[in-house]
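S.K.: The residues making up each chain are set out below.
There are 2 protein chains.
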Amino acid sequence: MYQINENYLKLPGSYLFSTIAKKVAAFTDAHQGERVIRMGIGDVTKPLCPAVIQALHKAVDEMGEAETFRGYGPENGYAFLRDKMVEFDYKARGAEIRSDEIFISDGAKSDSGNIQEIFSLDSTVAVCDPVYPVYLDTNVMAGRSGDYDAAKGIYAGITYLPCTAENDFTPAFPAGKAPDLIYLCSPNNPTGAVMRKEALQRWVDYANENGSVILFDAAYEAYITEADVPHTIYECEGARTCAIELRSFSKKAGFTGLRLGATVVPHDLRKKVKRADGTTEEVELHALWSRRHGTKFNGAPYIVQRAGEAVYSAEGQRETAEQVAYYMRNAHYMYETLKKAGFSVYGGVNAPYVWVKTPGDMTSWEFFDTLLEKAAVVGTPGSGFGPHGEHYFRFSAFGTYEDTVEAMARIQALQL
Amino acid sequence: MYQINENYLKLPGSYLFSTIAKKVAAFTDAHQGERVIRMGIGDVTKPLCPAVIQALHKAVDEMGEAETFRGYGPENGYAFLRDKMVEFDYKARGAEIRSDEIFISDGAKSDSGNIQEIFSLDSTVAVCDPVYPVYLDTNVMAGRSGDYDAAKGIYAGITYLPCTAENDFTPAFPAGKAPDLIYLCSPNNPTGAVMRKEALQRWVDYANENGSVILFDAAYEAYITEADVPHTIYECEGARTCAIELRSFSKKAGFTGLRLGATVVPHDLRKKVKRADGTTEEVELHALWSRRHGTKFNGAPYIVQRAGEAVYSAEGQRETAEQVAYYMRNAHYMYETLKKAGFSVYGGVNAPYVWVKTPGDMTSWEFFDTLLEKAAVVGTPGSGFGPHGEHYFRFSAFGTYEDTVEAMARIQALQL
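Sequence lines, in order, name chains A and B. Anchor point for the first sequence: position 12 equals 12 in our numbering, and the numbering is continuous, going up by one each time. Anchor point for the second sequence: position 244 equals 244 in our numbering, and the numbering is continuous, going up by one each time.
Among the clues, some could well be false.
[To be verified] Per the computed footprint, the stretches of chain A lying under chain B, defined by three or more beta-carbons under 8 Å from a beta-carbon of chain B, are: (1) 33-45; (2) 283-289.
[What the hints assert, rightly or not] With a straight-line cut-off of 27 Å between C-alpha atoms, the simulated DSS-like cross-links for lysine-lysine are: (3) 46/A with 46/B; (4) 22/A with 84/B; (5) 22/A with 46/A; (6) 46/A with 177/A.
Hints were generated in silico from the structure; no laboratory data involved. Positions of the beta carbon are idealized from the N, C-alpha and C atoms, including for glycine.
Can you build the whole structure from these sequences, using the hints too?
M.R.: Here's what the structure looks like:
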């Protein structure tokens, strides 16, 4: 008689963005003709840039001819893409990452959900609070938490690192024993905050001293505008022995519907393991992830990997930089407008998210409902990202400029 | 101090196809100029058909325009694709599957590796022997096995269902307690055998009687030529309460490099669960997989889903049927030639794999080395699929007809 994985039952209700989608659907059903402006989910709106479209067409043609058709690709991705990443994302930043340390995937969501598998089930986990729900939910599903405390909005057994205006949204080291796995995301989703070089270096040192692994999500690095913010954790000394990095083409080049990402596992991440027969063995996390990747995944589509390569061409670099600049103009506009309207505003400088304090004593969901009902504007309730996100709210800069201006005008008009 | 998932260390050596790739690379290095014919890995060689190429170009163009650009898609895939599957893969076969019971994915390898996650870690697992390694390896990685016995080539705690010429490659029910999870694959990889309607119905009945779940891999259904072989397990009565089906576009339409598959989880698969507070709750496996899918995956690319849709157009159906027929001509040629050459030959009638008994007392790897060294032909050693695959060998029909003929001539010339 089979049994289910009961850890799934610990997860309360549905996934944040599903809930939002349902509320919005109910609103639009009830208010036909009213135009809803969506600044909730972090999905891009600009089409793929010409360099990428051209590369896709070319690759599709290759797939239609016997001489150039490609079936199963190399397990960790095509070298043409990994080599570009080495050059542009690492060498250019003074970071030492080799091509074979990069594993191409179908996106950072898959990787950030799957990476926990290579660690023991009794590993302790630390996440920032608020946090991108995937890090937490996937560890709950694997059984690394106790039960959910609905009143507090937290899981037993998980270490939460509060990130609020009071600490400038920068996590402090937890009291007591160091966690085994530490998820960090900079520029941060949802707060838009960044870890500056010095702050990130302190975490790298902490991980090395305590035998922790940092799972560093760099999905938003293309949005960094300030000089002292690392684009990769491998800009920090010692990161090769303690950090795995997750990268994405979703926000950098608008690939949310195309699906491409990468995980970097340096060979220097090694662990001594005692075998049952008393001998010890040194195991590379690279070997474990390679095995996971090769056994449960069969590569990102060839045509999509060619699209990724095109992002690094001269035209691709220019065109994707223009997209990023377009979204950042939205972020800047929101930041300034909301500030003028009297809100406490954060993020938006090195990230496509603006993070605001809700007015008065409103909860995040009250503010969500108010904006939806009175302004037909959709954002994301901060409490959906964790208890310390309560009384905060996320606006995404991924809409059109016109919609951004219109949404801000509608919010200003509410005089909250 | 973090610890690794030590279950990974139970896996012996590297993945079967990696080992083959390394042996072939060593051979080609040593024998420059000698043309190796690859009939090992089950990768297709024919280019994508015109209907699919056309759909890809059209979808790429849509991604390049703001009005038609698509970002994140629906969590379980676009309805345009799921609806086609309902019509062609289920309704047309007299099987009742609803559109929302289908989850589109990036391929059957991912799904067949990930599906075990929704079951408890102490679930018992049965696999056919020989078997596609992914079913087994992913359960080992999750911790559902004991140690590997290198001498016997089996894991403790796993139920192996021998499939050999003696039982016509059809698994018998295991002695003793019924396993919780039963992996079945028909047409079978690697043996090319099929489960006829009656045989599959017996397994469905067995699963329903014993509270087991069947994980049915239908990746090769397009190769079925005989009438009494089910194309989907849902042709069997009662399958909706005990079976999850895995489907793939890889072999059906040559999508190995494009990545598209689907998992079907009927709403009737329900499990009563006792909560800590003594109450019971009925949980749908559909809800669990939906949660898994929505949390750790972000959809197959829009353009690839459009390509999948095109497979069901009139042209797509005709063109992919031609591809399948082309490969089946190879299978037929191999079957007849090897038989004439005195081999005991199986499969090849409803499957793109021909499964032969190795000549004399040769082990599978001895036969592999002989074919590689003396004929420059690569196949897959049966023992790589499990101990009961020893003394068998798999030939893939996915090459060109010319290569197939040439390979068979080379093997005949060896007079084994």
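S.K.: Tell me, which hint numbers fail for this structure?
M.R.: Of the numbered hints, 3, 6 do not hold.
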